[in-house]
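S.K.: So you can see what is in the structure, the chains are spelled out below.
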Amino acid sequence: MSIKGKAYIVGIYEHPTRKAEDKSVAQLHAESAKGALEDAGLKKEDIDGYFCAGDAPGLGPLSMADYMGLKLTHMDSTDSGGSSYLIHVGHAAEAIALGKCNIALITLAGRPRSEGQATGTAARTVQNTPDAPFENPYGPATANMYAMCAMRHMHQYGTTSEQLAWIKVAASHHAQHNPHAMLRDVVTVDDVVNSPMIADPLHRLDCCVISDGGGAIIVASPEVANSLKRPKVKIIGAGEAPKHQMGGQVDLTYSGAVWSGPPAFAEAGVKPADIKYASIYDSFTITVLMQIEDLGFCEKGQGGRFVSDGNLISGTGKLPFNTDGGGLCNNHPANRGGLTKVIEAVRQLRGEAHPAVQVKNCDLALAHGTGGSLGTRHGAATVIMERG
Amino acid sequence: MQSQERKIQAPQPNPETQAFWKAAEQGKLMIGKCGACGKVHYYPRAICPFCLSDRTELQQASGNGTIYTYSVMRRAPIPYAIAYVTLSEGPTMMTNIVDCDLDKLRIGQNVRLVFKPSEGGPPVPMFAPA
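Chains as they are written, first to last, in the working numbering: chain A, 1 to 388; chain B, 1 to 130.
Treat the hints as calculated values from the structure; they're not laboratory data.
Glycine included, each C-beta is placed from N, C-alpha and C at the ideal position.
Some clues are possibly wrong.
Claimed, not checked - Derived list of chain B stretches under chain A, where covered just means 3 residues or more per stretch with a C-beta under 8 Å from a C-beta of chain A:
id, stretch
1, 33-45
2, 54-65
3, 90-97
My request is simple: use the sequences and hints to build the entire structure.
M.R.: Now the structure itself:
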C-alpha cells in the first residue's frame, strides 16, 4: 500500500514571531494551529488527528489536546528532533489512507531565543540515555558535531569552506525578500569565510539562527482537499530512517538521507532531476551539502562543486532551495527546522512564494530534514509533494 | 594554541557500565566484544549492537588509535578539541584530543590513550598525540 495521492496538505502557517518574550510555548502551538486552520478554511472541530514532537510541552499530544480542546481519533508524537514534522506529514498521510483520521494537525513551537539558550555552542546534558556517559564528558555541543562532519568531508572529498559558504550566500539572496527573516542582508563568500570561527571548520555564518516561533500544517483526505478553496498540494512520497554510530563503525561522510530518500522517490515515481524546488534542512551549511549529495541531486563528494556559483539561488540556479531564507537566515523555531521546510515547499507549489523567489511552473517539490545531530545520531525524513 | 585543562562533566555509571568505569579507574580502556558474532563494538553494552546476543564481554584496548575527524571548539571559555578516534582494534569512539597544540591536529594523526579526571566521577579516556 502506498500513500501516493491519499492525502493533501491543505493548510499551512508560519508564526511571524522571532522573539516571543510575552508568550508561552503552548500558546505559540495554538496560535500556529489557528493560523493553519484559517489558511485551510477549516474549523477546530474538523481536526481528528494530531501530531507533535518533543517541543510540545508536558505530555505532548495529551497536554496540547487539552490546551486546544481537541477531540481526536488519532495521535502521534514521533520525535526525531528537527525532522519530526516531515515524518509527521508521512505518518499523517498513512493514518488518513488507513481511515484512522481525516484531518490531521501538526504543530511546532518554541522560544529558545527568549529563554537564552546558547544552543549551538553549549554542551548538552541529556541523562538516562545510554550514549550520554560516553559523549557528554567530551563537550559535544551542536556546532562541533556538525563541524566534525564537515572536517571529514573536506578531508575525504576536498570540499572547501568557500564551497560551503555558497550555501549561506544563496540563502541570504532569498532572505532579502522575506520581511520576517532574521538576517536579510545579502552576504558574500568572503563574508562567510571571514566571519568568526565557531568550531573548526564552521564559521558563524555557516550556522543557522536561533529564533523563537512556530508553525503548523494540516493534512487531509482528497475529499476534504477537493471541498476547500486553496490550491491543492498532494503528498506523493515519504521516507524516514535513523542513522547512528553503528556500534563504533562511524562514517560521518553521509547522512540518513541515503535511506530516507530512495523510498520517497520510488513511492512518488520521480527522480531527483525532476524536482523543481527543494527545502533542505539547513542547521549548518554542511548539513545542506551532505543531504543534497545523499538525496542524489549530485554524485557523492561533488556537493561542493554543485552548490557553488549560485546553483541554489532561485531564478539562476538548477536547484532553488529554501526560498524563505531557511534556517540560515529566516528562522529555526524551537531549534527544529523541519516544519518550516514543508511550509515553504507548499508555498512554492501553490505559487504563493515571494514573487522574487517563486520558481516558475513549480509542480514538484521535495522537503527533507535531518533531526538530532549529524555527528552522532539523527533522523532523516523526506517528503515529496506535487501540485494539484 | 596549546590545549588547556578544562572541567570534565562526570560520567554517571549505571549497572550496565559499572565495570567499564571501574577499569577506567585502573587506567584501562575497555571495548565490547561479542562471544556470539565475534565483533567488537563501542560504546560497550550488555547486548551486542550487531547480533543482539547477551554473550558480550569487555576487552582491553591497546590505547593506540588515529584521528578519524576532529573540531576545535573556538567558541568556548577554554577552547578544546572534540574528535572521533579510530582504535587499532577497529571501533571509532568520541573523545577529546588533549595535551596538544590545537592548531596542529590533523586527520590520520596517531594518538595514544590518556585518562583525565572528571568532576567527582571516574576518569575519562582521552587521547594525546603519540
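S.K.: Now tell me if each hint is right for this structure.
M.R.: We went through each hint and held it up to the structure:
As drawn, the stretch 33-45 of chain B meets chain A at 6 residues by the rule of a beta-carbon pair under 8 Å; at three or more, the given contact holds. Proximity of the stretch 54-65 of chain B to chain A, defined as three or more residues with a beta carbon under 8 Å from a beta carbon of that chain, is not established by the 0 residues found. With 7 residues carrying a beta carbon less than 8 Å from a beta carbon of chain A, the stretch 90-97 of chain B meets the three-residue requirement, and the given coverage holds.
Checked against the numbered hints given earlier, this structure breaks only hint 2.
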